[in-house]
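Chains as they are written, first to last, in this note's numbering: chain C, 1 to 329; chain S, 1001 to 1329; chain U, 2001 to 2329.
Keep in mind the hints are simulated off the structure, nothing from the lab.
What you are looking at is a predicted structure, and each value in this text was computed from that prediction instead of being measured.
Where hints are given, some of them may not hold.
As the list claims (entries may be wrong) - Capping the alpha-carbon separation at 30 Å, the derived lysine-lysine pairs in DSSO-like fashion look like this:
#, chain 1, residue 1, chain 2, residue 2
1, C, Lys77, S, Lys1024
2, C, Lys222, C, Lys267
3, U, Lys2077, C, Lys48
4, S, Lys1085, U, Lys2048
5, C, Lys262, C, Lys203
6, U, Lys2048, U, Lys2077
7, U, Lys2085, S, Lys1048
Claimed, not checked - Chain U stretches covered by chain S per the calculated footprint, using a threshold of three residues with CB under 8 Å from any CB of chain S:
#, region
8, 2027 to 2033
9, 2050 to 2061
10, 2290 to 2299
Cβ atoms here follow ideal geometry from the backbone N, Cα and C, with glycine treated the same way.
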Amino acid sequence: MRRRNLQLDEHGRLRHLLTIEGLKRQQIVDILDTAESFITVGDQQVRKVPLLRGKTIVNLFFEASTRTLTTFELAAKRLSADVLKININTSATVKGESLLDMLQNLEAMQCDMFVVRHGDSGAAHLIAQHVAPHISVINAGDGRHAHPTQALLDIFTIRRHKGEFAPLTVAIVGDIMHSRVARSQIHALTTLGISDLRVIAPKTLIPAQVEGLGVHVYHDMKEGLHNADVVIMLRLQKERMQGALLPSEQEYFQGYGLTEEKLAVAKTDVMVMHPGPINRGVEIDSEVADGPRSVILEQVSNGIAVRMAVMSMVLGRPPMDKESEGAAQ
Amino acid sequence: MRRRNLQLDEHGRLRHLLTIEGLKRQQIVDILDTAESFITVGDQQVRKVPLLRGKTIVNLFFEASTRTLTTFELAAKRLSADVLKININTSATVKGESLLDMLQNLEAMQCDMFVVRHGDSGAAHLIAQHVAPHISVINAGDGRHAHPTQALLDIFTIRRHKGEFAPLTVAIVGDIMHSRVARSQIHALTTLGISDLRVIAPKTLIPAQVEGLGVHVYHDMKEGLHNADVVIMLRLQKERMQGALLPSEQEYFQGYGLTEEKLAVAKTDVMVMHPGPINRGVEIDSEVADGPRSVILEQVSNGIAVRMAVMSMVLGRPPMDKESEGAAQ
Amino acid sequence: MRRRNLQLDEHGRLRHLLTIEGLKRQQIVDILDTAESFITVGDQQVRKVPLLRGKTIVNLFFEASTRTLTTFELAAKRLSADVLKININTSATVKGESLLDMLQNLEAMQCDMFVVRHGDSGAAHLIAQHVAPHISVINAGDGRHAHPTQALLDIFTIRRHKGEFAPLTVAIVGDIMHSRVARSQIHALTTLGISDLRVIAPKTLIPAQVEGLGVHVYHDMKEGLHNADVVIMLRLQKERMQGALLPSEQEYFQGYGLTEEKLAVAKTDVMVMHPGPINRGVEIDSEVADGPRSVILEQVSNGIAVRMAVMSMVLGRPPMDKESEGAAQ
Chain C
1 MRRRNLQLDE HGRLRHLLTI EGLKRQQIVD ILDTAESFIT VGDQQVRKVP LLRGKTIVNL
61 FFEASTRTLT TFELAAKRLS ADVLKININT SATVKGESLL DMLQNLEAMQ CDMFVVRHGD
121 SGAAHLIAQH VAPHISVINA GDGRHAHPTQ ALLDIFTIRR HKGEFAPLTV AIVGDIMHSR
181 VARSQIHALT TLGISDLRVI APKTLIPAQV EGLGVHVYHD MKEGLHNADV VIMLRLQKER
241 MQGALLPSEQ EYFQGYGLTE EKLAVAKTDV MVMHPGPINR GVEIDSEVAD GPRSVILEQV
301 SNGIAVRMAV MSMVLGRPPM DKESEGAAQ
Chain S
1001 MRRRNLQLDE HGRLRHLLTI EGLKRQQIVD ILDTAESFIT VGDQQVRKVP LLRGKTIVNL
1061 FFEASTRTLT TFELAAKRLS ADVLKININT SATVKGESLL DMLQNLEAMQ CDMFVVRHGD
1121 SGAAHLIAQH VAPHISVINA GDGRHAHPTQ ALLDIFTIRR HKGEFAPLTV AIVGDIMHSR
1181 VARSQIHALT TLGISDLRVI APKTLIPAQV EGLGVHVYHD MKEGLHNADV VIMLRLQKER
1241 MQGALLPSEQ EYFQGYGLTE EKLAVAKTDV MVMHPGPINR GVEIDSEVAD GPRSVILEQV
1301 SNGIAVRMAV MSMVLGRPPM DKESEGAAQ
Chain U
2001 MRRRNLQLDE HGRLRHLLTI EGLKRQQIVD ILDTAESFIT VGDQQVRKVP LLRGKTIVNL
2061 FFEASTRTLT TFELAAKRLS ADVLKININT SATVKGESLL DMLQNLEAMQ CDMFVVRHGD
2121 SGAAHLIAQH VAPHISVINA GDGRHAHPTQ ALLDIFTIRR HKGEFAPLTV AIVGDIMHSR
2181 VARSQIHALT TLGISDLRVI APKTLIPAQV EGLGVHVYHD MKEGLHNADV VIMLRLQKER
2241 MQGALLPSEQ EYFQGYGLTE EKLAVAKTDV MVMHPGPINR GVEIDSEVAD GPRSVILEQV
2301 SNGIAVRMAV MSMVLGRPPM DKESEGAAQ
């Protein structure tokens, strides 16, 4: 018996989605392939499929969100699941004990999945450790730790445009230090064998030992963007920045805001990405955000297909018989 | 090529519903006929039809509302659509730029319809100008400008009781100046060829040049209600009244509140209407509101059928081939 | 013609569920049997049945609630009904008049059921007196008066474990005085012919003349729990307690909190119940709440089946023809 990843079941299949770390290349590719099946010819999504009919999905958002919450809700509805939005009474959940009581009650109501966003790193893991065997947990962002469905929709969008990952040069720009999105993107892209992954930020926004993750660090935009196939801009999370790590928004834009002029050093068919919502004129210029190389809105569309894929995969695992179990090992 | 109304598609069919102005008589009649098909014998509505299965309808209410929001939600659900209620974060939408970003994101999520209520006149038009070609916008009330589905349900209710519009005398009573409901009712009733349309209000609540719309102005209730077939009372929108346009509520009721005594000069089979919610004892006496000539609750019921009609018509337009296109011109 | 209970229709069938009082033994058993049909082998509920497709159920919660509101919402969705959650604007409903106007509007929208929770005793009755003939009202808790679905899920849970009610000794522990749950449980258990029903509480929390309801009063836990088959703990409703009826939480726990040590005098197969949410260390020790004799989470699961049963029974009454009507008298 080997020690198993918390997010995999006894057959090695995805049961929870908590983080990209520890997923095998093939598991990531399976998710992308499944997401592809939810996109039909002409970029029209299959709007309503009965895959999760009768299942109950609970959105537990302890942090405010519009885009992520809405796309999870739409993904669940388009899979024909029932969706429950719990109004989080923060006062009732300050003690971990009460949170666990609430979760046990939701389990007793035969809920099947918790989609969790929480300001504390590790919150989704903690919940996954305590849920009943039939329940799946999806991490919709925990503190500075991980945001796996965002990273998956990002690489899904890249694959739809570029095909292969190995030859690509991808630059992630902005507050790497505080970004759970960046962390998940780095794990996804390195697992997929990307040849040149770069992070670009001022020194104060680069975490120590980030090179250990397999990225190259740049502090200058024109150097970092040179010959890039993909540029991923991060949202400047003003509320997460403590103290004087940053100059003014204007100075930040001067140094690290993405403009057509800075982008000129990248490849001519460079893709510009952003997880949204964008701060126009802070981390990205409107001309770029709304320009022909931006795929920002396509990322939003793809987010629904990717979330449908993850939800249907973790809840749709058929029980395995002994023989196929043997074969799967 | 003639310049087309923003709310019509290239074949002249209803794509958005923003205002009654500019609709042809036949288009209005088509909506009423479709609404009729959602009412079955015995005033029982067909509760659930699969017409909009797989479609996503977004309620974007920037102004508080219970009745309108709820009937739009019920109409959408009874058409089997998925309904999304967006919690408007006013701080995120103070800049028009952010509002448009939010709309683009909802479009990217493959939403099909925005039902918009907003305190600013023209808000629904502005949104309709910017949405993608496959999206429809329904105006659920914009500032003092228009409230077309309310006017449609009102004339639908009149037609169910009176049949023909041409011979009718209809009096609209109250704050004509600030009422988007009155404005839409006037356009609907004049388009339908009503012979005698009256507005009754104190001088301070009558807009300049209102006669140009084809109405007769009265300042005295007994004169204005004389021989009326239909009386439409408006809600006194206290929050919209600036300064000292009005005397006290009691004085207003004295002059313009609808009582059995004032109603005695109308036809004996007069219908009493009100868009709700009613201010009892301010613009209408409870004896009248709850009396046998009141159709106020019937208006609410009809509102669902009319909204189902509009929603299914704008989203259900089949693509036209060249031949039928020619025929439609 | 005999005077009929407000909650029964002209054929004696359940139309509303307002209180357990006045229900016949067979009516209660019918509800339990129907609930049983919603539980399949292996405690898996049938998740989605089309029984109430096309029906609209409105949750009118004037008091905060998570568990009860959520289980009613889930029960409705699993019966395929459309569910409407009304945001109660307390300012709009301070006058009973406005509340009734709001209800009439919801009726006009062809809603079929109001699930009502309200801080005033009698609120659900008041609403039931005013609704149109086709509408059903379910009391989800009114003041200190009644909480009938909670009592039904409690006896349903007891029956699943113990089978017969007659031979049982059941002890209800805690704030009997202010508890609508206790009141409904006492009516249910006495109607089912339980032989020994006990309430245990300090004198200040026992209502006068409670013995008239058929219960035995104890002020000492070890005496009251002696030989008990079932112990039902009540939540200490701190917000409902006025003045100095109680000592400190610690002293209360000392006297009336359920611990393994106090529970030792009960039968060895005693069931421990609690309507939730539990106050750990106040009315119940965590060791007991999470222990093998606790069925607290099973109560939550059963709550969905019982609410599905009540909803489908009151809305699913087929019209009776003359003959069967005669037979039913």
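Next item on the list: Hint by hint, work out which the structure violates, then give me just those numbers in ascending order.
Entry: 1, 8, 10
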